[in-house]
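Visitor: The chain contents come next:
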Amino acid sequence: MSLFAHQVRADQLIFWRGRESAVFVFLFPVLLFLLLSTVYSGEFEGRPLTDYLVPSLITYGVANTTFGGLAIMLVIRREAGVLKRIRATPLPAATFLGATLCSTLLVFSLQAVAIMLLGRLLYDWHFPAEWPSLLLGFALGALCFAGMGFGAAALIRSAEGASAVVNVLVLPMAFLSGGFGPTRDFPQFLQTIADLLPLTYLVEIVQAAVYDGEPIWEEPVAVLVLLAWGVAGSLIAWRRFGWEPRER
Amino acid sequence: MAAVDVRGLRKSYGGQEAVRGITFALAEGEVFCLLGPNGAGKTTTIEILEGYRTRDAGDVSVLGLDPQRRDRALRERIGVVLQHSESWANVTVTETLRIFAGYYRRPRDVDEVVALVGLDAKRDARVKTLSGGQKRRLDLALALVGDPDLIFLDEPTTGFDPQARRNAWELVRGLRALGKTILLTTHYLDEAQQLADRVAVLRDGVIVSEGTPSELMASSRTEIRYRENGAVKVIATDEPTRLLHELTSRAVAEGRELEELEVRRSSLEDVYLDLLDDTPE
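So the protein lines, in turn, are chains A and B.
Heads up, the final residue of the first sequence is numbered 248 in the numbering used here, and it's a clean run with no missing numbers.
Heads up, the final residue of the second sequence is numbered 281 in the numbering used here, and it's a clean run with no missing numbers.
Honestly, the hints are just simulated from the structure, not real lab data.
All figures in this text were calculated on a predicted structure; none of them were measured in a lab.
For glycine and all other residues, C-beta sits at the position ideal for the given N, C-alpha and C.
Be a bit skeptical, because a hint or two may be false.
Said to hold, decoys possible - Just so you have them, the derived chain B footprint on chain A, three or more residues with Cβ under 8 Å:
no., region
1, 2-13
2, 52-58
3, 80-92
As the list claims (entries may be wrong) - Residues on chain B that point at chain A, a partial pick, calculated with CB under 10 Å:
no., residue
4, 66
5, 70
6, 79
7, 89
8, 91
9, 95
10, 99
11, 100
12, 102
13, 108
14, 123
15, 224
16, 226
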């Protein structure tokens, strides 16, 4: 078994064993989907609301899992000295970081599948006609938000601060960007704030695929904004990422 | 060839010189101890050898390689026990060891390592349920699982109770018997005395004394104590015979007693404290 596969397996074992991470990172978006689907009903733009909620809650999953979960995990491991310890072993840094990314994307994929399956079983959700763009959008979003996750991990100083910082960013962002429901009737100033947030553009790509049947390349601005955020996060990580505890 | 060779090593942090030109070498199979108080430069030195820090000046060779180049080949052959580091709380002892064993080309058998550090009874326990001493054993096991030739132990027993320290010492002696080269740092003098073939005493980034524990003892002086007019007098001397003769002749001539007269060799501890106190800058 290759070293990369070995490390992905190790990361999976560690992730699912940690009940807090499994519940918060994996289960929370799934539970929110069930909750919102139960309280809201009716239609949006002439389609059942489930058509809105399934992809939107998956975009929340992107932010929660590939950005938040990744950043928190890296900071906790760094502050506990795990990264420093691994640094003294022959495991190459690129293999370690690549496996971290791969393992996170795996958790997100399972989460997306869980939300889609529940949507199908409980609310008769179906893939839209433009389903390849929907999946491409999720993949692009997951990669870009993971880049931001690495960047955030490089900036956050303490393990205690990590989940606070991440939640303060992720939950309001998901709300304003339309991850929890349509934002058409939001006041203008909130929509202006939303235009600054990367998740808004991922939701836009996804909604364009569902409601307008528009493929992802018809949304070049949204794609570019997302990519810019992802690249910026990765650059910060490249410059600032550390393997040793900051606070001690 | 020396397992570790350090010449004229220097390192500053923001203008503050932590290590100020130190030179020492470890032969293969030797247990070498850097002894000194907190802030003497022990951890800086060991972390340069482990490849965590770059040096400002000097030559460093670890198993024939330069650690700051961070060659994977070097990391295959060293084992590192850090002062503070945890592993994953919810994974078991053997699972943790298997994960780390996978990083090395020729790891030791995990069950063998578990037995070596005496964690058999806890092999399937999750790491978070281990006691402090058991976690430290796991640290050691993780450093051993790659079957290293050279092991770095940074203050391996700080915060241990006396029994746990004794157990840790037994483990280090066991490693020595396996032919491993060991570099350890400590601020406990008895630890250096118990474990090390050679000791370098570090103070303010400089080695102030180096030798076997008995060589360090050889520089120890004799103390003569007695009570005069109610006050205890202590005289340290390299010529106890002559000094004692003078003192006693005078006392006999004056017809008085040297109360509570005591002659003793100062301990290694006194030598150590002397080294830390008196060495001029």
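Visitor: Run every hint past the structure and note whether it holds.
Guide: Status of the hints after comparison with the structure:
Counting residues of the region 2-13 of chain A whose CB falls under 8 Å from any CB of chain B gives 5; the rule of at least 3 is met. With 0 residues having a Cβ less than 8 Å from any Cβ of chain B, the region 52-58 of chain A misses the three-residue criterion, and the hint is violated. Under a criterion of three residues with beta carbons nearer than 8 Å to beta carbons of chain B, the stated coverage of the region 80-92 of chain A is upheld, 12 such residues being counted. About 16 Å separates the beta-carbon of residue 66 of chain B from the nearest beta-carbon of chain A, more than 10 Å, and the hint is not met.
The beta carbon of residue 70 of chain B comes within 9 Å of a beta carbon in chain A, closer than 10 Å, and the hint placing it at the interface holds. About 8 Å separates the beta-carbon of residue 79 of chain B from the nearest beta-carbon of chain A, less than 10 Å, and the hint is met. A distance limit of 10 Å between C-beta atoms decides the matter here; for residue 89 of chain B the minimum to chain A is near 7 Å, and the interface restraint holds. A cut of 10 Å between beta carbons decides the hint on residue 91 of chain B: the least distance to chain A is about 6 Å, and the hint holds.
Below 10 Å, beta-carbon pairs count as interface contacts, and residue 95 of chain B has one with chain A at about 7 Å; its hint therefore holds. Given the 10 Å rule on beta carbons, the hint for residue 99 of chain B holds: about 4 Å separates it from the nearest Cβ of chain A. With its C-beta approaching chain A no nearer than about 6 Å, residue 100 of chain B sits inside the 10 Å limit, and its interface hint holds. With a cut of 10 Å, the hint placing residue 102 of chain B at the interface with chain A holds, because the nearest CB-to-CB distance is about 4 Å.
A hinted interface residue such as residue 108 of chain B counts as satisfied when its beta carbon comes closer than 10 Å to some beta carbon of chain A; here the least separation is about 14 Å, so the hint is violated. Interface hint at residue 123 of chain B: violated, since its Cβ lies 16 Å from the closest Cβ of chain A, which is beyond the 10 Å cut-off. Checking residue 224 of chain B against chain A: minimum C-beta separation of about 47 Å lies over 10 Å; hint violated. About 49 Å separates the beta-carbon of residue 226 of chain B from the nearest beta-carbon of chain A, more than 10 Å, and the hint is not met.
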